[in-house]
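Protein chains in written order, with the working numbering: chain W, 1 to 425; chain V, 1001 to 1307; chain F, 2001 to 2280.
Please note: incorrect hints may appear among the correct ones.
What the hints assert, rightly or not - In silico SDA-like cross-links for lysine to any residue, where the CA-CA straight-line distance does not exceed 20 Å:
{"#": "1", "chain 1": "W", "residue 1": "Lys203", "chain 2": "W", "residue 2": "Asp220"}
{"#": "2", "chain 1": "V", "residue 1": "Lys1129", "chain 2": "F", "residue 2": "Thr2109"}
{"#": "3", "chain 1": "W", "residue 1": "Lys100", "chain 2": "V", "residue 2": "Gln1047"}
To be verified - One side of the interface only, derived from the structure: several residues of chain F facing chain W at Cβ under 7 Å:
{"#": "4", "residue": "Thr2023"}
{"#": "5", "residue": "Leu2024"}
{"#": "6", "residue": "Val2027"}
{"#": "7", "residue": "Val2128"}
{"#": "8", "residue": "Leu2139"}
{"#": "9", "residue": "Leu2219"}
{"#": "10", "residue": "Phe2241"}
It should be emphasised that the hints constitute simulated quantities derived from the structure, not laboratory data. Small disclaimer: the values here were computed from a predicted structure and weren't measured. The beta-carbon is built from N, C-alpha and C at its ideal position, and this holds for glycine as well.
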Amino acid sequence: MKTSMLKATVALATLAALSSPALAQTTLTIESWRNDDLATWQEKIIPAFEAKHPDIKVVFSPTAPTEYNSALSAKLDAGSAGDLVACRPFDASLALYDKKQLADLSALPGMENFSAVAKTAWSTDDGSQTFCVPMAAVLHGFMYNKAAFAELSVQPPKTEAEFFALLDKIKENGTYVPLAMGTKDQWEAATMGYQNIGPNYWKGEEGRKALIEGKQKLTDADWEKPFETLAKWGPYLGDGFEAQTYPDSQNLFTLGRAAIYPAGSWEIATFEAQADFEIGAFLPPVQNAGDTCYISDHPDIALGLNAASPNQEAAKTFLSWVASPEFAEIYANAAPGFFPLIDKPVTLENALAKEIVAWREQCQPTIRSTYQILSRGTPNLENETWTASANVINGTETPQAAAEKLQKGLDSWYKPGEAVPAKAN
Amino acid sequence: MTDRPKARPRWHIAVFLAPALLVYTVVMLVPLMQTLLLALENVRDGQRVFVGLDNFRMLFGDPRFSEGFWNALANNVYFFVLHMLIQNPIGISLAALLSVPRLRGVAIYRTALFLPTILSFVIVGFLWKLLLSPLWGVAPNLLGAVGLKSLFAPWLGQEAYALTTVSLVSIWQFVGIPMMLIYAALITIPNEVIEAAECDGITGLKQFFKIKLPLILPTIGLVGVLTFVGNFNAFDLIYAMQGALAGPNFSTDILGTYLYRIFFGFQLQAGDRYMGAAVATAMFVIILIGVCFYLFVIQRRMRRYQM
Amino acid sequence: MSTRAPTQRVRLALVHLALIAYTLIAVLPVLVVVMNSFKTRRAIFNAPLEPPLPSTASLAGYRTVITQGDFLLYFQNSLVVTIGSLFFVLLFGAMAAFALSEYRFRLNTFLGLFLALGIMVPIRLGTVAILQMMVSAGLVNTLTALVLVYTAQGLPLAVFILSEFMRGVSDDLKNAGRIDGLSEYRIFFVLVLPLVRPALATVAVFTMIPIWNDLWFPLILAPGDATKTVTLGAQIFLGQFVTNWEAVLSALSLAILPILVLYLLFSRQLIRGITAGAVK
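Work out the full structure: start from the sequences and follow the hints.
Dropping the structure here:
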């Protein structure tokens, strides 16, 4: 047994040695949670880069998203991680930078293509250092089944009153489930629910910053009202929505059984591939006609450099390319709905993606309220928001109780104005 | 054994033990101890320092940790009780049925009954979420077919039923383990014993309870303690079915999922190795108490028949 | 005897009935998975209970599995790792269990408890230390690393179960062997091991399942393409937002087969165990 295994190992090692060409070539390995992007990287991105840099070979090696953070952290600690690592927004990456596991990229050629706002999610709290090259942001809103809307002769709503009137109408008709969302996986309720409709209440960045500064509380009307609205969603969700998972919701919508889908822009590519009807999108409804609208335009993914990588130069060459408009255009069009953060014009081909990205001009963009600083302690505000949002929609907790619990949890460790270091994994 | 000369060095004992002890100690025990010892440390002002039992004080005293811990422990006890009351009796019964003499097709039954146990958690999780799904699920359709649709509820999403439902799925998956162990014990009973019983007219159920059960009691004890250890270390099934947050509202949170969130972190929650190690140590102590109870109380009192 | 035959037959029929009932509970859900792996996504969710019909049948899942990644190699890796670890767990575990159950010596209880510690703490917690060790030993991305970890992980349970069964082996038999001048090693390998074959088979089955299905250590220790296992390979279809259920179901349905074959091989030992007992 032992010898045969040894032989196998030796054989594999020889194979590996043989397959690498004679000329000195550097191989860069990318760690990412985007299993979904494997084909894009293999077929479009990597060939485009390798054509320009034949001396550098790039391998995209994704991990299942749920295991990514813990697997990456273990590999960085032990020194077996890849050269380039996909960066989660905010604290997860900041903690790695603080542990000196991610390199400082502030001076990387190409970084000047990004505005300070675009870099926020991957910069130190004071904004002085940046450690990942921003790749994409995602937007929230609602998608709808155009065929169903035509059949019922209804229009996308602008205000909240119109929104609920529309839901009533769809429910009365009975052909379609009005809203395709479940609470089983909890994050749908928080991300596509609370963070989707919330910015219109707390006025986007204004409220988010006030919350961090301690000038507002989660029990204030601006923060509690979104919960009250969410509590009204229950009757419009599918039968047994409490046990409906995220893939269930996706399938419910793409199989044409639901009319409206509280969405993230990342769904565009798969939905268009899977649905046999046309899909439209509308903004989170405002409270009164004519109100300024706010949308969640959330930085989602970036690429950083493993500080311990032996291939620093090659990795920086690659990162500079990732910071270029060329990469932005390839990625944005290969993964419609992942919108570039770059400050240069990027041409999008997908019509639905174009429609959604235009919201950036119409409304005030903001990021998800729980991501910056406020989820650094225990209890974790983001996770608590998941549970609270699901509870509120399930009707097992009142909006008031949910808001109070969240604020109490936050108060137990967060003192506005005092610096809280991002916690290392 | 006593008649062997005491003075002779018994090297063979060392030879028998050495390989297992070596691999186990180096690859498993030392890394685990390194981790558990972190329970006595924490980070203060950016420095890693020794804090004594502070982490445990926090775990049991600070409601931010203790509420989650006690909730997980209570759920875990319930999870274990259900396994003891349902999984093990079913497992023993199946093994008893399989070992009925002159039964045909045992190999087929044995394979079929064990099938769920060899499945990965990914499959089991996907499978039961699909079967119990209110949207496409088999459960609502089957109940609907017999006019009992009103009996269906989205159990996995309801605080009152989720834990019971997940426990039943776990029982479905793992019933093969007690079945195999008991079956292995039952077939080791020498035929002479059975034949003697049959000559005395002791057959069927009576034979099982009077003759076989006392002979396999040590194995039943073993099954009990393995169920205890397995249940208090359980993690994967809940994780696959209910996610790391063990919803709804933490109603399916058991010690394994609680530990996972603290130690490895989840989403924006960063992993905390120090508090995580404290949770792991607490779990370890609970399991150690159970195993010691088995080793020193149950196993020593059990009458063992050599066959 | 002849008067008892009808009741005997009724009794056997009842036993069959009970076993068939539970077999359905155990097998039907699994059939649902296998059946659905041959269907289109639309059909999986629209009618999960329906067998694949000409209109809904699809091998798309299997096609994806075959084209995406080298699944033949992944299967081979899984087999090497599982069988390799199993061999060491059974050999080392049985030896240690024999020592603990057969001989009285000073450290016996202590060592028994020491080895049992391993079933009380999930080995996952030692990840970082284990990975550091493998990095410094140059074993990252080798199957050897996995075999080492799984051997260590499997030993405590193997020793725990096997020593319980070994205590049941007759002393008379072993002492007779000693009087015949057999060495302790021969007593173990020739007399004791064949007698505990059912227990060995059971331990083998229990040990191989978590190894075959493990995701974590392949992910951490051997994520490279040359050393990927099947379970890790199938993860590629679980995306952040989109899960390719056709492919996941196909990959995992395929992954059931080898372990089912291993199970059949081991469970045949159970029958041999009986006959061995009868001969004795």
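Structure-based check of all given hints:
1. Lys203(W) - Asp220(W): The given pair, whose Cα atoms are some 13 Å apart, holds under the 20 Å limit.
2. Lys1129(V) - Thr2109(F): 45 Å, violated
3. Lys100(W) - Gln1047(V): Satisfied, since the Cα-Cα distance of roughly 15 Å is no more than 20 Å.
4. Thr2023: At about 28 Å, which exceeds the 7 Å cut-off, the nearest Cβ of chain W leaves the hint on Thr2023(F) violated.
5. Leu2024: 24 Å, violated
6. Val2027: 24 Å, violated
7. Val2128: 5 Å, holds
8. Leu2139: 9 Å, violated
9. Leu2219: 5 Å, holds
10. Phe2241: 5 Å, holds
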